[in-house]
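Visitor: I would like the entire structure built from these sequences, with the hints used as guidance.
Chains C and B, in that order, give the protein sequences.
For the first sequence, our numbering begins at 1 and goes up steadily by one.
For the second sequence, our numbering begins at 1 and goes up steadily by one.
Don't read these hints as lab results, they were simulated from the structure.
Among the hints, a few may not be true.
[Unchecked claim] Where chain B lies over chain C, by a calculated footprint (3+ residues, C-beta under 8 angstroms):
1. 25 to 37
2. 220 to 229
3. 272 to 285
4. 299 to 305
[Stated by the list, open to error] With a straight-line cut-off of 30 angstroms between C-alpha atoms, the simulated BS3-like cross-links for lysine-lysine are:
5. Lys73(C) <-> Lys242(B)
6. Lys47(B) <-> Lys118(C)
7. Lys118(C) <-> Lys197(B)
8. Lys251(C) <-> Lys284(C)
Quantities reported herein were computed from a predicted structural model and do not represent experimental measurements.
Ideal Cβ positions, reconstructed from N, Cα and C, are used throughout, including at glycine.
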Amino acid sequence: MKGGGVEVLRKVLRILPLVQGNQGIRVSELARQSGIPEEEIMTDLPALVNLCGVPPYSPMDLVDLEIEGDRVKIRFADQFKRPVRLTLREAIALDMALAGWEERGEGPFGRAVSSLRKKVRDAVAPEVADEVSRAGARIGAPADVGQPGRIVSLMKEAVGRQVAVRMEYFSRNSGRLSEREVHPYGIYEQGGHWFLVGLEPVSGLVKTFRADRVRMATLTARDYEIPLDFDVGRYRREGPVEPEGEALEVKVRFDPESARFAREEFPASEWEEHPDGSVVATVKTNRTFWLVSELLPWGGHVSIRSPDSFRVELADQAGAALALYGDKGYQANSG
Amino acid sequence: MTVIPREERLLNLLSALLASSGPLSFGAIRGHVAGYDDRASAEAMEKRFDRDKSALRKLGVPLEFVPEDGEGRSGYRVARERFFLEEIRISTEEGIVLAALQKGLAGDGGPMEESLGSALAKIGVDSPLCAALRESVAEQQLLDPRITASDREVGDELATFALAVAGLRPIRFRYYALGRDETGERVVHPYGMGYFKGRWYLVGLDRAKGEVRSFRVSRIRSEVEVLEEGDYRIPDDFSLRKHVGVPSWELRAGPAVTARIRFSPEVAWMLSENLRSGQTFVEEPGGGGVLTLTATDTEALVKWVARYGVHAELLEPAEVRERLTRHFREVCER
Numbered sequence: 001m002k003g004g005g006v007e008v009l010r011k012v013l014r015i016l017p018l019v020q021g022n023q024g025i026r027v028s029e030l031a032r033q034s035g036i037p038e039e040e041i042m043t044d045l046p047a048l049v050n051l052c053g054v055p056p057y058s059p060m061d062l063v064d065l066e067i068e069g070d071r072v073k074i075r076f077a078d079q080f081k082r083p084v085r086l087t088l089r090e091a092i093a094l095d096m097a098l099a100g101w102e103e104r105g106e107g108p109f110g111r112a113v114s115s116l117r118k119k120v121r122d123a124v125a126p127e128v129a130d131e132v133s134r135a136g137a138r139i140g141a142p143a144d145v146g147q148p149g150r151i152v153s154l155m156k157e158a159v160g161r162q163v164a165v166r167m168e169y170f171s172r173n174s175g176r177l178s179e180r181e182v183h184p185y186g187i188y189e190q191g192g193h194w195f196l197v198g199l200e201p202v203s204g205l206v207k208t209f210r211a212d213r214v215r216m217a218t219l220t221a222r223d224y225e226i227p228l229d230f231d232v233g234r235y236r237r238e239g240p241v242e243p244e245g246e247a248l249e250v251k252v253r254f255d256p257e258s259a260r261f262a263r264e265e266f267p268a269s270e271w272e273e274h275p276d277g278s279v280v281a282t283v284k285t286n287r288t289f290w291l292v293s294e295l296l297p298w299g300g301h302v303s304i305r306s307p308d309s310f311r312v313e314l315a316d317q318a319g320a321a322l323a324l325y326g327d328k329g330y331q332a333n334s335g
Numbered sequence: 001m002t003v004i005p006r007e008e009r010l011l012n013l014l015s016a017l018l019a020s021s022g023p024l025s026f027g028a029i030r031g032h033v034a035g036y037d038d039r040a041s042a043e044a045m046e047k048r049f050d051r052d053k054s055a056l057r058k059l060g061v062p063l064e065f066v067p068e069d070g071e072g073r074s075g076y077r078v079a080r081e082r083f084f085l086e087e088i089r090i091s092t093e094e095g096i097v098l099a100a101l102q103k104g105l106a107g108d109g110g111p112m113e114e115s116l117g118s119a120l121a122k123i124g125v126d127s128p129l130c131a132a133l134r135e136s137v138a139e140q141q142l143l144d145p146r147i148t149a150s151d152r153e154v155g156d157e158l159a160t161f162a163l164a165v166a167g168l169r170p171i172r173f174r175y176y177a178l179g180r181d182e183t184g185e186r187v188v189h190p191y192g193m194g195y196f197k198g199r200w201y202l203v204g205l206d207r208a209k210g211e212v213r214s215f216r217v218s219r220i221r222s223e224v225e226v227l228e229e230g231d232y233r234i235p236d237d238f239s240l241r242k243h244v245g246v247p248s249w250e251l252r253a254g255p256a257v258t259a260r261i262r263f264s265p266e267v268a269w270m271l272s273e274n275l276r277s278g279q280t281f282v283e284e285p286g287g288g289g290v291l292t293l294t295a296t297d298t299e300a301l302v303k304w305v306a307r308y309g310v311h312a313e314l315l316e317p318a319e320v321r322e323r324l325t326r327h328f329r330e331v332c333e334r
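Guide: And the structure:
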């Protein structure tokens with residue numbers, strides 16, 4: 001197996017209890033749970049483990065690891081039945097992953113996250129227990145104001161029971177609040193926001209909804225089925241679903257003063273750097289209202305290279321906002 | 001007898017120690033445990049044993065020497081209760097969280113993700129519930145484990161920060177200050193780490209500046225060096241929440257202004273239902289309302305209000321209202 005003596009032993013100690021606890025486990029599942037590649041499990045593991053055991057090394061003293069087809073079994077390895085306690089790195093990694101969802105009161109997972117964090121601390125090696133406790137107290141995610149625990153809990157329930165949800169939703173595509181019915185297929189969390197992916201029966205389209213834009217939601221009695229091939233991971237990887245229609249390719253110039261800030265904060269798919277220090281960002285979307293709201297904060301630091309239609313739309317929205325301040329000098333659609 | 005590979009020898013030694021009902025002397029190991037039964041000299045064998053003990057201890061094996069147990073035996077033993085995990089009972093809801101975390105692993109490497117994966121496997125070992133849940137509803141509830149949030153966040157920096165925070169160890173790194181557009185060396189006493197809107201932040205005392213600062217992990221521009229220096233204490237009044245997740249208009253130190261902003265009915269509810277400490281909201285007929293807040297950075301406030309476009313109007317203070325007017329006018333004129 002790859003790695004030096006200690007690393008190999010660490011891998012073996014990770015794998016053996018997993019097999020002991022699930023005799024006949026598939027190699028692919030074992031690889032996924034242990035993080036050790038399948039080929040190492042298939043070829044290196046038996047070669048190493050089957051030569052080990054306890055004196056006097058009679059057949060029943062030697063570990064017997066057998067891979068039949070794609071299934072793994074083990075005998076005579078009771079001394080490795082239990083997994084090793086969590087290392088400091090493992091405990092901190094798991095605690096960090098849980099830290100963000102621990103909310104006071106009702107959250108999407110109720111008390112489960114808090115109780116899991118406590119179990120993590122109880123599962124570490126004693127010599128690092130104090131460090132893990134200190135880390136737990138010092139590493140966290142201040143709950144976002146507006147973390148919509150109640151809405152996400154309801155969506156979780158809807159996905160679990162496969163019942164339709166009626167909701168009032170603010171769409172950044174249209175800039176309007178409207179009622180709609182959705183069949184939730186899955187939820188995911190990314191970048192501190194919760195997203196629901198589901199079918200909107202009226203349009204027949206699968207859409208993405210951000211939970212903090214749901215004003216109100218209730219479960220209905222209408223049930224549905226989640227398609228077998230639905231993969232919520234795809235939506236997390238590829239981002240929110242764009243509305244139907246051809247995406248617009250918008251090129252936005254950020255002046256030299258704002259360029260470095262834009263590179264860090266503005267959601268563009270491509271960047272071009274220019275000798276004068278400015279950058280041009282390319283965004284492909286047909287959610288133009290959303291793009292307008294992303295650009296308005298930049299004020300005079302941005303200019304739209306193309307298309308003209310979006311330049312006009314941005315100016316129109318800025319002009320409409322300007323009118324709130326008593327300045328009705330901008331004429332809409334003047335270009 | 002040929003000398004066997006080190007990993008095989010270590011595994012045999014550990015096996016023998018674990019399988020033994022009492023302490024195992026070196027005499028019982030030499031000549032009996034595979035890997036200690038070749039023709040090496042007594043001195044070489046002892047050195048081999050010393051190296052192997054160190055290796056096992058480095059692995060976290062609580063290997064201890066017992067001068068004499070209740071039956072008069074002396075030798076080495078592994079404190080099983082300190083080494084192995086006791087049975088962990090996982091509830092259904094806890095199992096869903098673990099299964100969803102497991103599914104959320106991107107599998108694209110990174111030391112923290114590897115640690116998370118092995119931690120999940122250990123915690124879930126007693127709960128076949130976790131395996132079953134992966135095939136069911138948990139498949140549709142995908143959580144971002146947060147430590148693999150983005151390409152810049154993954155990596156040794158995050159792991160090193162976390163360990164330094166846990167162990168209260170000063171660290172040194174090069175950091176890109178976005179505002180000043182310059183990179184410089186920092187020595188920091190870490191106080192905590194926070195996650196907010198997809199970014200990890202390290203918070204600690206910047207030794208050169210003598211002030212507590214927040215550092216975005218993605219702006220680290222070097223390897224992080226943990227310093228072998230004395231201990232430090234975290235001040236009793238330190239709060240992570242004062243440094244991570246703070247609204248942009250409250251970040252800068254300085255004189256505060258009170259601002260009032262009117263929001264349209266379409267968006268007012270987002271503000272009124274999620275007030276921060278120090279903010280108030282007064283509803284108006286028609287469903288809109290007015291938010292009152294305190295800001296120390298009016299430029300950041302202008303940007304935040306501008307994002308709402310026609311759905312927000314800053315009412316006061318007058319000078320910030322004038323700045324917003326100029327802000328929108330500049331957009332119209334571009």
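Visitor: All hints, please: hold or fail.
Guide: Now the hints, each set against the structure:
1. 25 to 37: holds (count 4)
2. 220 to 229: violated (count 1)
3. 272 to 285: Contact hint for the region 272 to 285 of chain C vs chain B: violated, 0 residues under 8 angstroms.
4. 299 to 305: holds (count 5)
5. Lys73(C) <-> Lys242(B): 53 angstroms, violated
6. Lys47(B) <-> Lys118(C): 42 angstroms, violated
7. Lys118(C) <-> Lys197(B): Distance ~25 angstroms between Lys118(C) and Lys197(B) Cα, so the pair holds.
8. Lys251(C) <-> Lys284(C): Holds, at roughly 9 angstroms.
In terms of the numbered hints stated before, the structure departs from hints 2, 3, 5, 6, listed from lowest to highest.
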